[in-house]
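Please model the complete structure; the sequences and the hints are all you need to start from.
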Amino acid sequence: MSRSRDFTLIVLAAMAVGCTIDVGSVQGAPFGVPHSAPAMSASGLMGWVFAEQAAFYRLLSTYIRAAKDDGAAMWGLFGISFLYGVFHAVGPGHGKAVISSYLVANEETWRRGIVLSFASAGIQSVVAIVVVAIAAVLLGATAKAIGLTVHLVEIVSYGLVILIGLRLLYVKGRAFLIAFRRWSAAPDLVFAPAPVAKGPSATISATTFDLCGGRPAAIAMRGGQCMVEGCTVHGFHCHDDHHESAWGHAHGPELAELEGSGGWRRGLSAVVAVGLRPCSGAIIVLIFALAQDMFWTGVGATLIMGLGTAVTVAAIATLAVSARGFASRVAGTRAGLGMLAMRAIEVGAAALIVAFGILLLAGYMASEQLWMFTG
Amino acid sequence: MINRTCCSCAILLLLLSINRADAHPHVWVTFHSEVLYAADGTMTGVRHAWTFDDMFSAYALQGIPHAKKGQYTREELASLAQTNVDSLKEYGYFTYARTETRKLKFADAVDYWLDYKDAALTLHFTLPLKAPAAAKTMKIEIYDPSIFVDFEFAKDKPVSLSGAPQCNLTYDLPHQPTAGEQARLSQLDTVPLDPSSTYGEIFANKILVSCP
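In the order they appear, the protein sequences are chains A and B.
According to my numbering, the first sequence holds residues 1 to 375 in order.
According to my numbering, the second sequence holds residues 1 to 212 in order.
Since the hints were made in silico from the structure, they are not lab data.
Hints may be right or wrong, so weigh each one.
With a straight-line cut-off of 25 Å between C-alpha atoms, the simulated PhoX-like cross-links for lysine-lysine are [claimed, not checked]:
| hint | chain 1 | residue 1 | chain 2 | residue 2 |
| --- | --- | --- | --- | --- |
| 1 | A | 68 | B | 68 |
| 2 | B | 139 | B | 103 |
| 3 | B | 105 | B | 89 |
| 4 | A | 68 | B | 69 |
| 5 | B | 89 | B | 206 |
| 6 | B | 139 | B | 68 |
| 7 | B | 157 | B | 206 |
| 8 | A | 68 | B | 117 |
| 9 | B | 157 | B | 136 |
Residues from chain B that keep clear of chain A, each with C-beta distances beyond 12 Å, as calculated [to be verified]:
| hint | residue |
| --- | --- |
| 10 | 28 |
| 11 | 34 |
| 12 | 40 |
| 13 | 42 |
| 14 | 53 |
| 15 | 96 |
| 16 | 107 |
| 17 | 108 |
| 18 | 161 |
| 19 | 211 |
All residues carry an ideal CB built from backbone N, CA and C; glycine is no exception.
Written out as structure tokens, the structure reads:
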């Protein structure tokens, strides 16, 4: 097999996923400014999204005021809230990137991606409502205190994102190392399932690497090396059946850990970590509604906004999952290397989660500073 | 090993795909600015009046005690005005001044207060220059580099000049992106801004004072 084509495969697969994730973390940038609205070139789509978003946001206040006197205006408000949610979620801070990376790293189904997206958006709305209900309605706290609370919640949220990413990175990094070792040691085992070799073969295996022209003796020795290094050195949970039959199998042995109820619990942790951070826009809308004595209308608008957000996040998550699916199918045509490529993508996605978490925590990406004017 | 390098490259590629996610505006400010000159013809500072949008005004007013519903006196808003200018300091008051040759530095805001009218808060404050500056042309720009706050000249008499009758005052609305800027903007996804970038600057609100 041609090495250079293999490398191209890895890079292309990584790019496919990278580009999809990219959609989730796309720029708000100068487009947010209404004056640059009429841009409709390649860059125009995002400009249009941000201009629309800004327009909907400004409309929210008009509709909340109108709903005070006219019950029918409430439906208009809810419609605008939904659209605002859809457009707004394209911007930063709604966990699309984290959720998408999580789905890619964990080889999740699109169905579960949608469930996780809706769950995180739902939690996000509820957190905003709870923060405003407790701080503003019950305690009469100032904007400064609320901003501080939101900031603290954010820090916790970003910290959790980093922890989840690190955990995934550990699991996936291990799987990648093992896949890499197998591939570099025995790329041809796919075609010739290896008899399990035991004994002193590890000592000579290093020198057999360059000989992988398909000599049966070398393959057997390389199989032995995997047993030694994979199990002993890296503490890999070794199941005999994998070593006997799973060389060309696209799934790593650790997959079992990620399925079933434990996996759902981990999904929950990602959803909570992402959803914990309330959206500044929702907080402002809720407090504005409260000031108009329309708190419950604000709650309704916030929940519907969350629904809109969920639609966008779910769409992006589905894209990420399909990109992974595509990469997986391409990789499937190249047994050992395909598995390695998929492991690499998973490691990359896990690293992205950590990177997102760190960037968010460092304030590099989070720019919805509610405390800009209010301390 | 080549394949190891390539795998690293792939991961790096993933990492590079992260963008600097800038904010979209959540605060809209319509502003009046007065450029202050002393009798000796030097510029001494800028006096701002920034009116916030109604939603942000309601947010900022949350929890501020006041005697009469829907009304706030200057005294009742004093602590909020203090908080505002304290917070703005970190952002350089979003005000940037320069002569043809150098940047000018502003000292901390003075004479600040808030008033509340038509459901909107207006923050009044004066930014004195650290040292009065003399120059033929002065450029004052008001913008948020991160575009979280959207600044817009007030419709009615947005800028004025105090104490320099001999000078001419003009202002420039933020321009529409040119073809070149449009191209750069479309690449922000793939070629992100440097974290310290102030790209928003090119869409700044500009005030120009030229003196004979």
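| Pair hint outcome, residue 157 of chain B versus residue 206 of chain B [Cα-Cα no greater than 25 Å] | Status holds; Cα separation ~14 Å.
| field | Minimum Cβ-Cβ distance from residue 40 of chain B to chain A exceeds 12 Å | value | Consistent with the label, residue 40 of chain B stays out of reach of chain A, its closest Cβ about 35 Å off (over 12 Å).
| query | Are the Cα atoms of residue 89 of chain B and residue 206 of chain B separated by 25 Å or less? | reply | holds, 20 Å
| Interface exclusion of residue 108 of chain B relative to chain A, criterion Cβ beyond 12 Å | It holds; residue 108 of chain B is separated from chain A by about 16 Å at its closest Cβ, greater than 12 Å.
| message | Next pair to validate is residue 68 of chain A with residue 69 of chain B; report whether the Cα-Cα distance is within 25 Å. | response | holds, 17 Å
| message | A cut-off of 12 Å on Cβ-Cβ distance, and residue 107 of chain B was said to be off the interface with chain A. Does that hold? | response | holds, 20 Å
| Does the claim that residue 42 of chain B lies off the interface hold, with its Cβ farther than 12 Å from every Cβ of chain A? | holds, 31 Å
| query | Hey, does residue 53 of chain B actually stay past 12 Å from chain A on C-beta? | reply | violated, 7 Å
| query | Has the given pair, residue 139 of chain B with residue 68 of chain B, been kept, meaning a C-alpha gap of at most 25 Å? | reply | Not satisfied, since the Cα-Cα distance of roughly 43 Å exceeds 25 Å.
| residue 68 of chain A paired with residue 68 of chain B [C-alpha distance capped at 25 Å] | Satisfied, since the Cα-Cα distance of roughly 20 Å is no more than 25 Å.
| said: Hinted pair, alpha-carbon criterion (25 Å max): residue 105 of chain B, residue 89 of chain B. Please report holds or violated. | reply: Given pair residue 105 of chain B, residue 89 of chain B holds - Cα atoms ~12 Å apart, limit 25 Å.
| field | Agreement of residue 139 of chain B and residue 103 of chain B with the hint, judged by alpha carbon distance not exceeding 25 Å | value | Holds - the C-alpha atoms of residue 103 of chain B and residue 139 of chain B are around 9 Å apart, at most 25 Å.
Hints 6, 10, 14 from the earlier list are contradicted by this structure; the remaining hints agree with it.
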